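Each protein sequence line maps, in turn, to chains A and B. According to the working numbering, the stretch in the first sequence is residues 1 to 103, in order. According to the working numbering, the stretch in the second sequence is residues 1 to 171, in order.
Don't read these hints as lab results, they were simulated from the structure. Some clues are possibly wrong.
[Stated by the list, open to error] In the SDA-like style, the derived pairs of lysine to any residue whose C-alpha atoms are separated by at most 20 Å in a straight line are:
1) A:Lys91 - B:Glu168
2) A:Lys91 - B:Asn31
3) B:Lys9 - A:Ile3
Fair warning: this is a prediction, and the values are worked out from it, not measured in the lab.
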Amino acid sequence: MIIPLPHVLLFSLALFGIGAYGVLTRRNIIGILISIELMLNAAGINLIAFSKTTALAPETGQIFAVFVIAIAAMTATVGLAIVLALYRARKTVFADEVNLLKW
Amino acid sequence: MDILNFGIKVGIYALMAGTLVLAVGVVTLRNLFHSALCLAATLIGTAALYLVFHAEFLAAVQILLYVGAVVTVIIFAIMLTEHIAERSVAQRNRQSLPALLGILVLIAVTGRILLKTPWAVNPATVGARVTVADLGAALMGTYVFPFELVSVILIAALIGAVIVAKKEKSS
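So that you can see chain A by itself, here it is in the shape it has in the complex (with noise of 0.2 Å):
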């Protein structure tokens, strides 16, 4: 290791913090599948810096992060289709006007 762990282990948490703070904060479905696009990053270095570090066998996390990657391709397919979806039936895109099941 080049770097000590925790430095990269801070980075992936600023990292997931500010992609916390796009979907809290954005009101544009698009917006917050960008920022849960940034989180699930944060998570694939984590599992990459513990692979190379702590892991018991060195290619565990690599495995692991190859699997979110996966799941993060889907995320945004199904999630986009959704959008779309959601843009024909009410023209908009703004999560806080999506009021119909709002009590």
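With chain A's structure known, arrange chain B on it following the hints.
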């Protein structure tokens, strides 16, 4: 040799800082298209960080799948819905301040925990070089069940996305 090591370290920290700045751009830029471009740059920065950890295959997959496919799909969706995102429309809700405070608390607590934790570094893992052949053997051996499960989920997501986004016939 010392100077070379120092240079590499400075380069890695600069890469991390640049990636964080771009990530801040992703969540704060008003124009979603610019935000998606920032996301692509952030993902490339992450891929470079994977290279630092000798995960070359993962870096290639990251660029191919994330930058090549996911960002393209996101930009496609932004283009299809863009004329709703005009300049006068507010792009964020009223939760900015509470969200910022909560996330700062989260980062402070978690950061303190992970700085205090004694990470048990496994010397055998640090020296190991994982090749693509190792990854393939692990996927087909130990992790064959999750691998098959992911392929089933991929098919389900594909069919589901087509059905959800399909134009409904007016009956």
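Consistency of the hints with the structure:
1. A:Lys91 - B:Glu168: Satisfied, since the Cα-Cα distance of roughly 15 Å is no more than 20 Å.
2. A:Lys91 - B:Asn31: Measuring from Cα to Cα gives roughly 19 Å; hence the hint holds.
3. B:Lys9 - A:Ile3: holds, 7 Å
Checked against the numbered hints above, the structure violates none of them.
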